[in-house]
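Asks: With my numbering applied, the sequence shown corresponds to residues 7 to 402, in that order.
Worth double-checking, as some hints may not be accurate.
DSBU-like cross-link-like pairs, simulated, lysine-lysine; straight-line CA separation at most 30 Å [unchecked claim]:
(1) 138 with 223
(2) 247 with 395
(3) 358 with 395
(4) 127 with 106
(5) 354 with 368
(6) 370 with 395
(7) 287 with 106
(8) 370 with 127
(9) 394 with 370
(10) 247 with 394
(11) 247 with 223
(12) 287 with 138
(13) 138 with 127
Pairwise CB distance ranges, derived in the manner of DEER restraints [unchecked claim]:
(14) 148 with 232: 15 to 25 Å
(15) 223 with 292: 25 to 35 Å
(16) 156 with 277: 13 to 23 Å
(17) 126 with 184: 40 to 50 Å
(18) 199 with 85: 38 to 48 Å
Calculated from the structure, these hints are not laboratory results.
Even for Gly, the Cβ is constructed at its ideal location relative to N, Cα and C.
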Amino acid sequence: MSTTITASAYDISTNLKASLAQIRNTTNLSTWTLVLATVLTVGVWLRLSRQNDSKKNLGYSSGRAVGNGTSAEILKPLQVRVSRILIHPIKSCRGISVQKALYTPEGMEFDRLWAIIDTAKQAIITAREVPKMVLITPQIERDDSSPHLGRLVVSVPLASGTETFSIPLRPSEDILRGWEVLPQIRIFPNQGPVDGYICNSLEGRTPSDVLSDYFGKPVQLVYKGPRTRHSDPTVEFPNLKATAKYQDMYPLLVLSEESTSVVDQHIRNHVGTQGIDERWKTDTVVIERFRPNIVFSGGGPFAEDNWEEISIGTEDAPTITLVSKCTRCLLPNVSPETGERDAAVPYKVLMKFRTGLDPKQKLKPCVGCNAVPGGNGVVSVGDWVFVKKVSKPLVT
7 MSTTITASAY DISTNLKASL AQIRNTTNLS TWTLVLATVL TVGVWLRLSR QNDSKKNLGY
67 SSGRAVGNGT SAEILKPLQV RVSRILIHPI KSCRGISVQK ALYTPEGMEF DRLWAIIDTA
127 KQAIITAREV PKMVLITPQI ERDDSSPHLG RLVVSVPLAS GTETFSIPLR PSEDILRGWE
187 VLPQIRIFPN QGPVDGYICN SLEGRTPSDV LSDYFGKPVQ LVYKGPRTRH SDPTVEFPNL
247 KATAKYQDMY PLLVLSEEST SVVDQHIRNH VGTQGIDERW KTDTVVIERF RPNIVFSGGG
307 PFAEDNWEEI SIGTEDAPTI TLVSKCTRCL LPNVSPETGE RDAAVPYKVL MKFRTGLDPK
367 QKLKPCVGCN AVPGGNGVVS VGDWVFVKKV SKPLVT
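Sequences and hints are given; from them, build the entire structure.
Replies: Here is the structure:
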């Protein structure tokens with residue numbers, strides 16, 4: 007049976023002084039016994055002190071001790087807030103920064119509802135294969151009076167010579183009945199197929215024609231179909247019941263903004279090695295490279311690594327469960343500003359200090375956490391983040 011210990015810095019200091027005084031007054035102890043007792047006492051004090059510092063760094067208020075994965079009282083944040091909200095309507099295309107957004111158990115409203123597929127292969131294309139996809143820019147123009155809630159306006163770089171097009175933001179049943187359904191779209195080779203409707207424009211050429219010009223081959227823009235897509239269980243949540251749209255696997259991705267500063271510092275330490283260019287002495291890795299939905303500030307670098315359950319905005323908001331670390335591929339190497347892929351940054355650097363975090367894929371670097379909302383809610387920039395439960399340490 008283990009005992010959870012909590013103590014303030016003042017209590018620790020007071021108890022240490024009393025313990026040392028008691029040791030000194032014990033005349034029948036040998037010199038070496040006295041030294042050993044003193045060392046052990048100081049060691050306990052240092053460990054407790056670090057635990058207190060760790061709790062403060064995570065933005066926890068005083069209260070019941072946490073850290074063993076068991077439920078804890080709702081911990082009021084001292085400093086952790088939502089700093090950014092990003093929605094990516096079309097998978098692997100440019101994201102949209104918003105001040106407020108709705109979310110459901112399947113993710114942010116309008117996030118990854120659309121995808122571009124290779125017509126011949128019936129497979130979703132991502133910026134892993136076609137980096138310049140990140141330059142395709144969707145824009146939400148909402149109109150609550152419209153039968154389809156407004157429109158999604160999609161533009162491509164002017165230099166490509168292709169035009170802007172618009173599609174219904176939330177196609178009505180009447181519109182969907184006129185769109186062809188593709189039932190066997192492949193998102194990953196090791197996953198089952200997903201479905202999707204081939205989109206038509208509100209006016210002008212079809213999205214598929216415009217995008218085919220940009221890609222230089224036949225492609226189609228699809229809107230997620232009605233068939234449920236189940237997310238895989240994780241090591242921490244073997245009985246996970248979650249669904250998603252065209253996200254890689256899970257509804258949300260959350261990340262602390264301070265993490266990029268740590269990544270930048272590691273990059274600077276390795277400039278000139280492993281193909282890391284001199285420009286990285288001053289260039290920075292923007293958080294958009296990691297394509298998060300909700301960005302936190304105030305908790306410190308990678309604070310979300312230690313969280314299992316949070317709520318945002320109010321204590322009684324729907325619980326958002328962080329079900330796994332997000333393992334990384336080469337996609338963050340693609341610059342969202344230029345659409346070009348760096349040969350080394352940040353992947354090679356992440357491999358030096360962010361591996362061993364995912365129990366199934368310990369050799370892959372991790373940045374951010376995959377999350378599943380427990381209900382419908384609203385998140386706004388500036389909202390407090392309430393940490394309800396911290397995660398169990400990884401057993402290696």
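Asks: Take the hints in turn and mark each one as holding or not.
Replies: Hints and how they fare:
1. 138 with 223: Holds, because 14 Å separates the two Cα atoms, which is no more than 30 Å.
2. 247 with 395: Status holds; Cα separation ~19 Å.
3. 358 with 395: Holds, because 29 Å separates the two Cα atoms, which is no more than 30 Å.
4. 127 with 106: violated (37 Å)
5. 354 with 368: Given pair residue 354, residue 368 holds - Cα atoms ~15 Å apart, limit 30 Å.
6. 370 with 395: holds (25 Å)
7. 287 with 106: violated (35 Å)
8. 370 with 127: holds (28 Å)
9. 394 with 370: holds (28 Å)
10. 247 with 394: Roughly 20 Å between the alpha carbons, so the hint for residue 247 and residue 394 holds.
11. 247 with 223: violated (38 Å)
12. 287 with 138: Holds, because 25 Å separates the two Cα atoms, which is no more than 30 Å.
13. 138 with 127: With Cα atoms ~20 Å apart, residue 138 and residue 127 stay inside 30 Å; holds.
14. 148 with 232: 15 to 25 Å: holds (22 Å)
15. 223 with 292: 25 to 35 Å: holds (29 Å)
16. 156 with 277: 13 to 23 Å: Because 46 Å falls outside the window, the suggested range is violated.
17. 126 with 184: 40 to 50 Å: violated (24 Å)
18. 199 with 85: 38 to 48 Å: holds (44 Å)
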